[in-house]
Amino acid sequence: MITFEFLISAISLASLYALLALGLVIIYGILKMVNFAYGELIMIGGYVLYLVGSNTNLPWLIVAVAAVLGAMAVSYLTELVAFRRVREKSLTALLITSFAVSTLLQNGALLIISPRAKAVALPKVFSTSVTLFGITTPMRSILTIAVSIALLVGLTLLFRYTILGIALRAAADNFRMTRMLGVPANLVISSAFVLSGAIAGVVSLFWIGRTASVTPTIGLGPLLIAFVATVIGGMRSLVGAVVGGFVYGMIFIFIGVLLPQTLLNYREAFMFLIVILILLLRPEGLVRVKYAQERVG
Amino acid sequence: MLRVDNLQVRYGAIAALRGVSLRVDEGELVALIGLNGAGKTTTLSAIAGILKPVSGSIMFRDQSLIGRSPEAILRMGIALVPEGRDIFPSLTTEENLRLGAFSRHNRSEYRSDLEEIFELFPILEERFHQIGGTLSGGEQQQLAIARSLMAHPKMLMLDEPSLGLAPTLVDQIFTLIPTLRLRGATILLVEQNVDRTLKIADRVYLLNTGRVELEGSPEQLKSQTAIKDVYLGKG
Numbered sequence: 001m002i003t004f005e006f007l008i009s010a011i012s013l014a015s016l017y018a019l020l021a022l023g024l025v026i027i028y029g030i031l032k033m034v035n036f037a038y039g040e041l042i043m044i045g046g047y048v049l050y051l052v053g054s055n056t057n058l059p060w061l062i063v064a065v066a067a068v069l070g071a072m073a074v075s076y077l078t079e080l081v082a083f084r085r086v087r088e089k090s091l092t093a094l095l096i097t098s099f100a101v102s103t104l105l106q107n108g109a110l111l112i113i114s115p116r117a118k119a120v121a122l123p124k125v126f127s128t129s130v131t132l133f134g135i136t137t138p139m140r141s142i143l144t145i146a147v148s149i150a151l152l153v154g155l156t157l158l159f160r161y162t163i164l165g166i167a168l169r170a171a172a173d174n175f176r177m178t179r180m181l182g183v184p185a186n187l188v189i190s191s192a193f194v195l196s197g198a199i200a201g202v203v204s205l206f207w208i209g210r211t212a213s214v215t216p217t218i219g220l221g222p223l224l225i226a227f228v229a230t231v232i233g234g235m236r237s238l239v240g241a242v243v244g245g246f247v248y249g250m251i252f253i254f255i256g257v258l259l260p261q262t263l264l265n266y267r268e269a270f271m272f273l274i275v276i277l278i279l280l281l282r283p284e285g286l287v288r289v290k291y292a293q294e295r296v297g
Numbered sequence: 298m299l300r301v302d303n304l305q306v307r308y309g310a311i312a313a314l315r316g317v318s319l320r321v322d323e324g325e326l327v328a329l330i331g332l333n334g335a336g337k338t339t340t341l342s343a344i345a346g347i348l349k350p351v352s353g354s355i356m357f358r359d360q361s362l363i364g365r366s367p368e369a370i371l372r373m374g375i376a377l378v379p380e381g382r383d384i385f386p387s388l389t390t391e392e393n394l395r396l397g398a399f400s401r402h403n404r405s406e407y408r409s410d411l412e413e414i415f416e417l418f419p420i421l422e423e424r425f426h427q428i429g430g431t432l433s434g435g436e437q438q439q440l441a442i443a444r445s446l447m448a449h450p451k452m453l454m455l456d457e458p459s460l461g462l463a464p465t466l467v468d469q470i471f472t473l474i475p476t477l478r479l480r481g482a483t484i485l486l487v488e489q490n491v492d493r494t495l496k497i498a499d500r501v502y503l504l505n506t507g508r509v510e511l512e513g514s515p516e517q518l519k520s521q522t523a524i525k526d527v528y529l530g531k532g
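If you're matching them up, the sequences are chains A and B in order. This note's numbering numbers the first residue of the first sequence as 1 and each following residue consecutively. This note's numbering numbers the first residue of the second sequence as 298 and each following residue consecutively.
Chain B extracted, bound-state conformation (with noise of 0.2 Å):
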């Protein structure tokens, strides 16, 4: 479905990425881990059309997304949740949800996918039109992956979506994360959590300085003993 070969990005005169390649497919869930600064991010931000690559191509579905705008992008079937959540503070739920729907224009799906929306994230029902920047931090995380799910993504792409969650709320994503994969949904999931994260990922790519430092199912990494110093180690 998804296939980056040989990606590389720069800020300035820094590399933040130095040739990544990976690939997605239909109903899997990849998980991208490694440190901060190892270029999961830019990754990302690089196949929503936020970054522009130097050089490499970013294929999905047959189709290249090198140069093309965020909008077009979201449009091909590709929602990036971003880290830190960037719902609309000023806006209330109702609204950050109907912008969420922005790509669609069938307003009777507008209803039952609202439905949805309640029966997944119920505490958006409750918060359907308090102001977004007064929701707390898991209810802002929530409203953003409902949000992105509202455009019926082929794929979905979270950036750190359990960062900054008190415990039980990070228990919550990490259901929540299968449950949209049993829906049918492709997902593409940058942790820190690598515990958990290794748990329910099909395939696993470890970034390391701007390369793709291991690759493999979760059983296979959890053998190699480069992950288990960097983080399984520290507990």
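The shape of chain A in the complex, shown without the other chains (with noise of 0.2 Å):
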């Protein structure tokens, strides 16, 4: 039963919930705040889709550049309009806020679009397969884990080699001492926003690609998945959000298949329960620290 296919498949959702995971970690790991506002970042993606795609000529891509792009403005903004604001006071301000953005977006859409799906228009690589060496799989598969994986190979080359990439890091060890090297807090955290939304803006082009259709609330399932795989993954480390979005992915693919017809109604509840075992096994999450963290002050 577990077929080649299949694991390709399995592989495409996992490396997408990976992305969804990090893109959240980023922001987390510096403002230690989970931005509750973050699915909708995907909702935002898939309406320009929508708007961009149905009002205009333009070639998909180029469609898709701009809901990329839609995505990483509106997350700077809220960080500039809402964020930034609480930002020196306390962390339930912060996250507070978050839902509030989230709300507020949500509503956005609501008001100025419409409550009902819309339709979103794909190009055709999207619906069609490919045969490879004898396998037959759909091209929609093979080109997220393309994209997921030169994504998180452009991600860690610039968190590795780019004075920006280690000032993020380092805000994410210790904030404070960050500012005190003379790096700006609202550019570390600016920056964060602006990757998390560029995530965010590419996993919503693919999320949105497996039902061509957007809508208001389209951003909550994205988000609890997010959440979830940072907290299997562990909270403290980018290779940990990673690891434990592909996790989630890959176990949530594989209760699909194995549990009998009767109770995959109950897929949620079985991939929950797994959850919590792994927590229980491992509390601070799959991937620790190598070093033991040290408390002063």
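Check before you lean on any hint, since a few could be wrong.
[As the list claims (entries may be wrong)] Per label pair, the in silico range of CB-to-CB distance:
no. : chain 1 : residue 1 : chain 2 : residue 2 : range
1   : B       : 405       : A       : 213       : 49 to 59 Å
2   : B       : 475       : A       : 65        : 52 to 62 Å
3   : B       : 360       : A       : 57        : 30 to 40 Å
4   : B       : 391       : A       : 261       : 48 to 58 Å
5   : B       : 391       : A       : 282       : 25 to 35 Å
6   : A       : 164       : B       : 481       : 24 to 34 Å
7   : B       : 360       : A       : 76        : 25 to 35 Å
8   : B       : 391       : A       : 76        : 25 to 35 Å
9   : B       : 413       : A       : 149       : 56 to 66 Å
10  : A       : 87        : B       : 404       : 25 to 35 Å
Don't read these hints as lab results, they were simulated from the structure. No residue lacks a Cβ here, since even glycine has one placed at the ideal position from N, Cα and C.
Hints in hand, dock the two standalone chains.
Next comes the structure, spelled out in structure tokens:
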């Protein structure tokens, strides 16, 4: 039953989940805030696809780039308009702000566009299949895997070799010390939001690509997945998020095949049962940091 | 170079500094000593822009530091090596140092700066690619100081650099500080190790419950009975 085709689709979903989790943890690492408005960035990507795609004759690739840029811009704006103002206040204030931003964006879409699902035009590659080495797989799965790998490699290079990437990682370790080395707080946080938005934008292409439609509440599912995935993987590291997302995706797919037909409705329940088991065995998540955490002061 | 006047800082209802005044001249090594809770770290934090004072003034080269962000103050030339070292544990030695040079833009200088750092701290060359969190306490302290030097600060503030280090490493730190000075650094040092601090400092301020109780040269302070009672008597 577990065929090569099946594996490809499992890896495709898992890599999408890995990206999702990474986008959430980039902000969490620095602000220690779970950004509940993260799902809405995927919604924004979807609506840009819908609006630009149905009102212009631009090639799909350009529409897709517009969707990613749209998610990045909105993510940056939420930081500028909402989060920056409450950053110095309590963590609770930040968290509630993220709920408010999420609700505002959702209701904005509801009012301005429509509560009903809007069909999004997708390029042919999303619905075609290819036959490689005698195996037929949907092109979409292969595209998802390729884009995920490319994005992960790109982000790894950014985090490892650019001064901005190093500053972002340092800020996740110790934000105050990073500022004391002359790294502007606003630069670090804005960059984190822009990166998170970019990832959400790319994910939105494939997320919307599965159903070819977008609704105001479409962000809830991916937000929950990203959140649980980061908890599984360990919220303290970027690698943890990627691993968590990948594992979550794989488990989800495998439960789908292994559960008997009668229990398939309880897929989510079994999913969370496994998550609870993982957390019981490894409370800090799958990926632990390699050094002792010293708490000073 | 640095002039602090009547500085007051509060943590909620608790007054941590009740009017501290001090000055550091160019090229000087000034030490702040005092018991735990006297306000030494608070003074450094206020200068570095981490804490907002209630009143008082902090002038650095004729510019006020009040209300400036920590990143702006670093760019003006003041670097703080905080207590407990605060290196980035998940970054390598190299990345820690690169970040120290964040405020500098000259790539070729970065290379020659590294050479100088390796001369001062040979161990850091050996540990160049190692994760910061896996370095020993003494190595982390050296990295923290080296990282601050990468920014070419005009004034270096060291908060208890010898705290929690093995005796041989304490020796190393106390030989390093005069070396840094010979290279032209202006240093504001906070230390618990009063004996050794008095040997290297130009001037000393003794803080007690948020006030400057005594100030003067190490000789002047040694002759005062207060410091003998509080510190030197204990050995």
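Right, here's what the structure says about each hint:
1. 405/B to 213/A: 49 to 59 Å: Cβ of residue 405/B to Cβ of residue 213/A: about 55 Å, so the range 49 to 59 Å holds.
2. 475/B to 65/A: 52 to 62 Å: 59 Å, holds
3. 360/B to 57/A: 30 to 40 Å: 57 Å, violated
4. 391/B to 261/A: 48 to 58 Å: The hinted range 48 to 58 Å holds for residue 391/B and residue 261/A, with Cβ atoms some 56 Å apart.
5. 391/B to 282/A: 25 to 35 Å: 30 Å, holds
6. 164/A to 481/B: 24 to 34 Å: 32 Å, holds
7. 360/B to 76/A: 25 to 35 Å: Hint holds: Cβ distance 32 Å, inside 25 to 35 Å.
8. 391/B to 76/A: 25 to 35 Å: The hint (25 to 35 Å, Cβ to Cβ) holds, given that residue 391/B and residue 76/A are roughly 30 Å apart.
9. 413/B to 149/A: 56 to 66 Å: 41 Å, violated
10. 87/A to 404/B: 25 to 35 Å: Check passed, 32 Å falls within 25 to 35 Å.
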